[in-house]
Amino acid sequence: MQDVKIHVQEANFDVGDEYRYLADDAKFGAVVTFTGLVRELQSGNLTAMTLEHYPAMTEKALTAIVSEAQERWPLGRVTVIHRVGRLTLNEQIVFVGVASAHRNAAFAAAEFIMDFLKTRAPFWKKEHTNDGEYWVAAKTTDDQAAARWQLQATKD
Amino acid sequence: MIKVLFFAVLRERLGTSEVVVQDFHGSTVSDLIQHLQQRSPKWQQELASQDVLAAVNQQLVSHAHVVEAGSEVAFFPPVTGG
Numbered sequence: 001m002q003d004v005k006i007h008v009q010e011a012n013f014d015v016g017d018e019y020r021y022l023a024d025d026a027k028f029g030a031v032v033t034f035t036g037l038v039r040e041l042q043s044g045n046l047t048a049m050t051l052e053h054y055p056a057m058t059e060k061a062l063t064a065i066v067s068e069a070q071e072r073w074p075l076g077r078v079t080v081i082h083r084v085g086r087l088t089l090n091e092q093i094v095f096v097g098v099a100s101a102h103r104n105a106a107f108a109a110a111e112f113i114m115d116f117l118k119t120r121a122p123f124w125k126k127e128h129t130n131d132g133e134y135w136v137a138a139k140t141t142d143d144q145a146a147a148r149w150q151l152q153a154t155k156d
Numbered sequence: 001m002i003k004v005l006f007f008a009v010l011r012e013r014l015g016t017s018e019v020v021v022q023d024f025h026g027s028t029v030s031d032l033i034q035h036l037q038q039r040s041p042k043w044q045q046e047l048a049s050q051d052v053l054a055a056v057n058q059q060l061v062s063h064a065h066v067v068e069a070g071s072e073v074a075f076f077p078p079v080t081g082g
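Sequence order for the protein chains is D and U.
Take 1 as the starting number for the first sequence in the working numbering and just add one per residue.
Take 1 as the starting number for the second sequence in the working numbering and just add one per residue.
The reader is advised that the hints may include incorrect statements.
What the hints assert, rightly or not - When the alpha-carbon atoms are kept at most 20 angstroms apart in a straight line, the in silico SDA-like pairs for lysine to any residue are as follows:
#: 1; chain 1: D; residue 1: 125; chain 2: U; residue 2: 52
#: 2; chain 1: D; residue 1: 60; chain 2: U; residue 2: 42
#: 3; chain 1: D; residue 1: 125; chain 2: D; residue 2: 58
#: 4; chain 1: D; residue 1: 126; chain 2: D; residue 2: 76
#: 5; chain 1: D; residue 1: 125; chain 2: D; residue 2: 41
#: 6; chain 1: D; residue 1: 60; chain 2: U; residue 2: 34
#: 7; chain 1: U; residue 1: 3; chain 2: D; residue 2: 48
#: 8; chain 1: D; residue 1: 5; chain 2: D; residue 2: 58
#: 9; chain 1: D; residue 1: 126; chain 2: D; residue 2: 108
#: 10; chain 1: U; residue 1: 3; chain 2: U; residue 2: 44
#: 11; chain 1: D; residue 1: 139; chain 2: U; residue 2: 3
#: 12; chain 1: D; residue 1: 5; chain 2: D; residue 2: 89
#: 13; chain 1: D; residue 1: 125; chain 2: U; residue 2: 17
#: 14; chain 1: D; residue 1: 60; chain 2: U; residue 2: 72
#: 15; chain 1: D; residue 1: 139; chain 2: U; residue 2: 80
#: 16; chain 1: D; residue 1: 5; chain 2: D; residue 2: 19
#: 17; chain 1: D; residue 1: 125; chain 2: U; residue 2: 72
#: 18; chain 1: D; residue 1: 60; chain 2: U; residue 2: 62
#: 19; chain 1: D; residue 1: 126; chain 2: D; residue 2: 89
#: 20; chain 1: U; residue 1: 3; chain 2: U; residue 2: 62
#: 21; chain 1: U; residue 1: 42; chain 2: U; residue 2: 58
#: 22; chain 1: D; residue 1: 126; chain 2: U; residue 2: 21
#: 23; chain 1: D; residue 1: 139; chain 2: U; residue 2: 72
#: 24; chain 1: D; residue 1: 126; chain 2: U; residue 2: 14
#: 25; chain 1: D; residue 1: 139; chain 2: D; residue 2: 39
#: 26; chain 1: D; residue 1: 125; chain 2: D; residue 2: 143
#: 27; chain 1: D; residue 1: 27; chain 2: D; residue 2: 73
#: 28; chain 1: D; residue 1: 125; chain 2: U; residue 2: 5
#: 29; chain 1: D; residue 1: 126; chain 2: U; residue 2: 62
#: 30; chain 1: U; residue 1: 3; chain 2: D; residue 2: 41
#: 31; chain 1: D; residue 1: 125; chain 2: U; residue 2: 44
#: 32; chain 1: D; residue 1: 60; chain 2: U; residue 2: 5
#: 33; chain 1: D; residue 1: 125; chain 2: U; residue 2: 13
It should be emphasised that the hints constitute simulated quantities derived from the structure, not laboratory data.
All values reported here derive from a predicted model rather than from experimental measurement.
Looking at chain D on its own, in the form it has when it is part of the complex:
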């Protein structure tokens, strides 16, 4: 897809560089970016996190999500970066950036992509803590967040 950049990588990324790429087209006056970081647990016990994925499927799943967003909103450049491997506290995990002519589409598409990434893209987080290692459980709130886009589609 033209203007769509999807990267699954161990390396870190630079939000400034990504923003400059998204913003470098005068047809589009709005750029929305989201960055997700490794967050400390309430217990204060987290030492690191490992992200596993299904390599053959990951990029396909992310590409399908971005295609759905492009069908719903008129978008310019779209970038999705997701890191895998071992990450420590406060490191960047995920980046979603969307350019569009106006802000409404850019905000909505960025949120849509994140909501579906959280429920459809094959990534799994394992937390390493002082008490041991635990796979993160999926949240029903994430399913609900993705489901509201379906409801919206049937209303339209």
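Here the structure of chain D is known, so what remains is to put chain U in place on it, guided by the hints.
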């Protein structure tokens, strides 16, 4: 022949990331799960959850999806990326 992959907690609990199924005569993902569950009580238990997600040829599908010979089928827990 069907290549079956496991990820995350399912991979750890089953102690394997990949098996090849030669003698599958069922049709759907559900049938394949039942076939795999016959391997041992542990497999029976780990694959029993309705929460187990399935992908056929790298596409998320329902458990009613038909599995063709030569497919790559993956089973995994609900995803937690982002």
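Hints versus structure:
no.: 1; hint: 125(D) x 52(U); in the structure: 16 angstroms, holds
no.: 2; hint: 60(D) x 42(U); in the structure: 32 angstroms, violated
no.: 3; hint: 125(D) x 58(D); in the structure: 14 angstroms, holds
no.: 4; hint: 126(D) x 76(D); in the structure: 34 angstroms, violated
no.: 5; hint: 125(D) x 41(D); in the structure: 13 angstroms, holds
no.: 6; hint: 60(D) x 34(U); in the structure: 28 angstroms, violated
no.: 7; hint: 3(U) x 48(D); in the structure: 32 angstroms, violated
no.: 8; hint: 5(D) x 58(D); in the structure: 13 angstroms, holds
no.: 9; hint: 126(D) x 108(D); in the structure: 29 angstroms, violated
no.: 10; hint: 3(U) x 44(U); in the structure: 19 angstroms, holds
no.: 11; hint: 139(D) x 3(U); in the structure: 29 angstroms, violated
no.: 12; hint: 5(D) x 89(D); in the structure: 26 angstroms, violated
no.: 13; hint: 125(D) x 17(U); in the structure: 17 angstroms, holds
no.: 14; hint: 60(D) x 72(U); in the structure: 14 angstroms, holds
no.: 15; hint: 139(D) x 80(U); in the structure: 8 angstroms, holds
no.: 16; hint: 5(D) x 19(D); in the structure: 12 angstroms, holds
no.: 17; hint: 125(D) x 72(U); in the structure: 23 angstroms, violated
no.: 18; hint: 60(D) x 62(U); in the structure: 18 angstroms, holds
no.: 19; hint: 126(D) x 89(D); in the structure: 13 angstroms, holds
no.: 20; hint: 3(U) x 62(U); in the structure: 18 angstroms, holds
no.: 21; hint: 42(U) x 58(U); in the structure: 26 angstroms, violated
no.: 22; hint: 126(D) x 21(U); in the structure: 29 angstroms, violated
no.: 23; hint: 139(D) x 72(U); in the structure: 27 angstroms, violated
no.: 24; hint: 126(D) x 14(U); in the structure: 17 angstroms, holds
no.: 25; hint: 139(D) x 39(D); in the structure: 16 angstroms, holds
no.: 26; hint: 125(D) x 143(D); in the structure: 17 angstroms, holds
no.: 27; hint: 27(D) x 73(D); in the structure: 15 angstroms, holds
no.: 28; hint: 125(D) x 5(U); in the structure: 18 angstroms, holds
no.: 29; hint: 126(D) x 62(U); in the structure: 25 angstroms, violated
no.: 30; hint: 3(U) x 41(D); in the structure: 37 angstroms, violated
no.: 31; hint: 125(D) x 44(U); in the structure: 25 angstroms, violated
no.: 32; hint: 60(D) x 5(U); in the structure: 17 angstroms, holds
no.: 33; hint: 125(D) x 13(U); in the structure: 16 angstroms, holds
Violated hints, listed in ascending order, are 2, 4, 6, 7, 9, 11, 12, 17, 21, 22, 23, 29, 30, 31; each of the other numbered hints is respected by the structure.
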